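K.L.:
Each chain is listed here by its residues.
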Amino acid sequence: MATLTLTVNGTLSTHTVEPRTLLVHFLREHLNLTGTHIGCDTSQCGACVVHLNGVSVKACTVLAVQCDGATITTIEGLAQNGELHPLQASFRAEHALQCGFCTPGMIMAAADLLQQHPHPSDEAIRHGLQGNLCRCTGYEHIVRAVRSAAATLNPQAKPESL
Amino acid sequence: MIPRPFAYHAPTSVAEALRLLGAYGDEAKLLAGGHSLLPAMKLRLAAPSVLIDLNQIAALRGVTLHGSVAIGSMTTWAAIGQHAGLRQALPVLSATVQLIGDLQVRNRGTLGGALAHADPAADAPALTLALAATLHVHGLQGTRTIAAADFFTDMLTTALAPDEILTAIKFPPLGAGEGAAYLKLPHPASRYAVVGVAAYLKLDGPQVRVCRIAVTGAGTKAERQPQAEQALCGGPGDAESIAAASTLAGEGMDILGDLYASELYRRAMVKVYTKRALTAALAEARG
Ligand SMILES: Cc1cc2nc3c(=O)[nH]c(=O)nc-3n(C[C@H](O)[C@H](O)[C@H](O)COP(=O)(O)OP(=O)(O)OC[C@H]3O[C@@H](n4cnc5c(N)ncnc54)[C@H](O)[C@@H]3O)c2cc1C
Ligand code: FES
Ligand code: FES
Numbered sequence: 159m160a161t162l163t164l165t166v167n168g169t170l171s172t173h174t175v176e177p178r179t180l181l182v183h184f185l186r187e188h189l190n191l192t193g194t195h196i197g198c199d200t201s202q203c204g205a206c207v208v209h210l211n212g213v214s215v216k217a218c219t220v221l222a223v224q225c226d227g228a229t230i231t232t233i234e235g236l237a238q239n240g241e242l243h244p245l246q247a248s249f250r251a252e253h254a255l256q257c258g259f260c261t262p263g264m265i266m267a268a269a270d271l272l273q274q275h276p277h278p279s280d281e282a283i284r285h286g287l288q289g290n291l292c293r294c295t296g297y298e299h300i301v302r303a304v305r306s307a308a309a310t311l312n313p314q315a316k317p318e319s320l
Numbered sequence: 176m177i178p179r180p181f182a183y184h185a186p187t188s189v190a191e192a193l194r195l196l197g198a199y200g201d202e203a204k205l206l207a208g209g210h211s212l213l214p215a216m217k218l219r220l221a222a223p224s225v226l227i228d229l230n231q232i233a234a235l236r237g238v239t240l241h242g243s244v245a246i247g248s249m250t251t252w253a254a255i256g257q258h259a260g261l262r263q264a265l266p267v268l269s270a271t272v273q274l275i276g277d278l279q280v281r282n283r284g285t286l287g288g289a290l291a292h293a294d295p296a297a298d299a300p301a302l303t304l305a306l307a308a309t310l311h312v313h314g315l316q317g318t319r320t321i322a323a324a325d326f327f328t329d330m331l332t333t334a335l336a337p338d339e340i341l342t343a344i345k346f347p348p349l350g351a352g353e354g355a356a357y358l359k360l361p362h363p364a365s366r367y368a369v370v371g372v373a374a375y376l377k378l379d380g381p382q383v384r385v386c387r388i389a390v391t392g393a394g395t396k397a398e399r400q401p402q403a404e405q406a407l408c409g410g411p412g413d414a415e416s417i418a419a420a421s422t423l424a425g426e427g428m429d430i431l432g433d434l435y436a437s438e439l440y441r442r443a444m445v446k447v448y449t450k451r452a453l454t455a456a457l458a459e460a461r462g
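As you go down the protein sequences, you meet chains C and U in turn.
Counting in the working numbering, the first sequence runs without a single skipped number right up to 320 at its last residue.
Counting in the working numbering, the second sequence runs without a single skipped number right up to 462 at its last residue.
Isolated chain U (complex conformation) (with noise of 0.2 Å):
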């Protein structure tokens, strides 16, 4: 299918992006890899009379590595699963893009169109809730960073204000006794997130310090699990441990059934997976 028609402008800075979406206010989409908006625009599921392309700004472009780990939000999957020093970084991320759609969608969707769609199967909500990143926004009234706990809202939902621009999304390095793993049961024919799980754990000597686990997929939006985190937080970090916590995720979680995956599935699968994401981040965390 062919989109309702709309006007097209493709600036090339920041300060330009932003005068365009306050000049069109709600009637303006912007436009990032293509891959959630055009889909939905094709089907005339959205339908705005105005696109806003950021392809054309270099400077969302790119990724650093100073102290913590920095991505212009228009940086590419495929840019970020190439990106040695990356991989030695966050071997995580790298490891994740791996699993998202597939070539094509990987060379042109970007990390910041993911997030801000924040569809509630897509896999980097759930990572960038275990890795506590922090999301840095341009808006016409100055910037913001909003931390990942508070930026998913709802169903397709964020933080970020229609006027609003998602820049960059930064991660803290990880470090010795650190670990972190993203697993997914994906869906066949989409690969999107039946379940997905992010887990990470930070190890003090034999036991865990810090734990940190998101579940994507398997409900509105992606979402952090209490009642696992503190089972595990201050134990030993064995394998009985994480068994037992893993018992606990999804619990107090509103799970979807659906034609694939039944409430019943999913809820087991979030229990399968988190303990599998537990176990590598732990292999990872020990060295």
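Excised from the complex, chain C in its bound form (with noise of 0.2 Å):
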């Protein structure tokens, strides 16, 4: 068993964890953060996508005991004071979802996109999204979210490339 200290959505905590213990499972199981969606073996969804020490990873393939002393961000902390965060205010408006299984990992990965791009191109944001994989939507009304997140977030920037 290891021992692990980190901060999730702002709370600082200690566990027991076995090293064999996946980060996913971890937010999951032991922090009861379902948010975080698994749907795959083979790490290629996106489902699962969190931020660790601000960038976007895919929690089914880092181990929780990697995150000692790390901080980290699930779609559970992303909302401020009760206010929606600018991205899921724009995949509610512009229907960016249908069952929801990829959306908080499609939403943390968009988050991490607009830190990088604050005002990307459609096909910046394609690219963006590459590692998200969506069953339902065909992905049109996703980049649609993203570009009007990105024009709420950042309303003076001009549209750039990669």
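If you're looking for bench data, these hints aren't it; they were derived computationally from the structure.
A quick note: this is a predicted structure, and the numbers were derived from the prediction, not measured.
Glycine included, every Cβ here is placed at the ideal spot set by N, Cα and C.
Which bits of chain U does chain C cover? Going by a derived footprint, with three or more residues having C-beta under 8 Å, they are:
| no. | region |
| --- | --- |
| 1 | 179-187 |
| 2 | 207-215 |
| 3 | 223-233 |
| 4 | 273-283 |
| 5 | 357-370 |
Taking the hints as your guide, dock the two standalone chains into a single complex.
P.N.:
So, in structure tokens, the structure goes:
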């Protein structure tokens, strides 16, 4: 067993875990943060994306023990003071989800994308979301939602490419 | 799925990591970005009883540009892609990174891990072959340097000994009259190369002085294409000679077929992508 101290969605806590515990299982089963989903066995679907020290990672392909001392944000930590994050609001407004299974990972990946490219072109949005699979929407509305959130977050910025 | 149980160590120096490798021998595996090893452990295709995590060894991360381009083995794809100086010194590497996996794979996966893993469909092995990179290795017996040409020995197999750690990769910088390109046909789901071709050209006036072509994705390992290279060397390096040389790419190579791409299709794509990569390398070499 290994000891793990980390900050998840602003709360610092210490846990004992088996080294083989994947971050996604730790979040879901030890912290009951079930917004982070598991959609595959092959690190391809992106349903499990969270932020580890500010950058997006697939929580199914990181060990919990590797996060000792780290800061993690999950979909549950994105809304501030009861207000939806602009990405959450735009996914709702633009109908960017149907079953919703891919949505938490999609939004966490898009949030990382918008940190790096505050006003991405549609091509850059599609490139940035390559690690996230959606079986329902056909992606069109997702791209629209990310574009709309970018405009809300950075009203002055001009579209850029990759 | 969940990996088999294992003991976890996170050394902070190469010396400590080597000592652990020496102590545990075959039971241990090094963990870099984890984006090849952890998926294999989840599917229980790999079940090491000890993991030695290299992520706490700061000395293995970073890019230095002094004459050659030196990249620490634990430098992530994202860090390589975001390095402004590298975009100037070796644009082909920065461009290749954008073709690897996806944003999250690039945030964790490392250059050293990809080379040590030697996946037959990985991108970096072809690029290191075409650019004649050297791989720097530390072992309990000391350090050594391995040319990329001697590194990839078979499917998922390299010249690294089990008790050695790949520490850095050095690329010769590209000067005037030199150009390189890597292009691939990505698998639509995994993004790995169905076929990927790296090409390097050095011109002497209008003539091709040096030519290196390496193909990945098509066989059991990334391989140079001596027939196509020889056809181009000493020639004028125009569209016609590139087209002629490209038809020789893949000749003499065992090409694999699978559910996604048959042997015939891959063989055809090796030629197509060789032509495209050579054309792009030539454009860069001509400035
Ligand atoms: C969804 C997905 C898509 C991907 N798409 C692509 C793609 O398009 N193109 C591509 O090229 N790759 C792709 N990859 C692979 C990715 O680039 C991996 O990150 C890479 O192959 C392995 O690097 P790593 O740092 O994750 O190594 P790990 O998985 O940690 O290690 C891989 C192997 O190398 C050994 N090793 C690692 N570091 C060292 C070292 N310094 N010295 C000695 N041995 C070492 C380990 O023991 C292990 O056996 C993809 C992966 C995923 C999950
Ligand atoms: S669960 Fe599919 S990528 Fe993590
Ligand atoms: S909304 Fe159903 S998988 Fe994306």
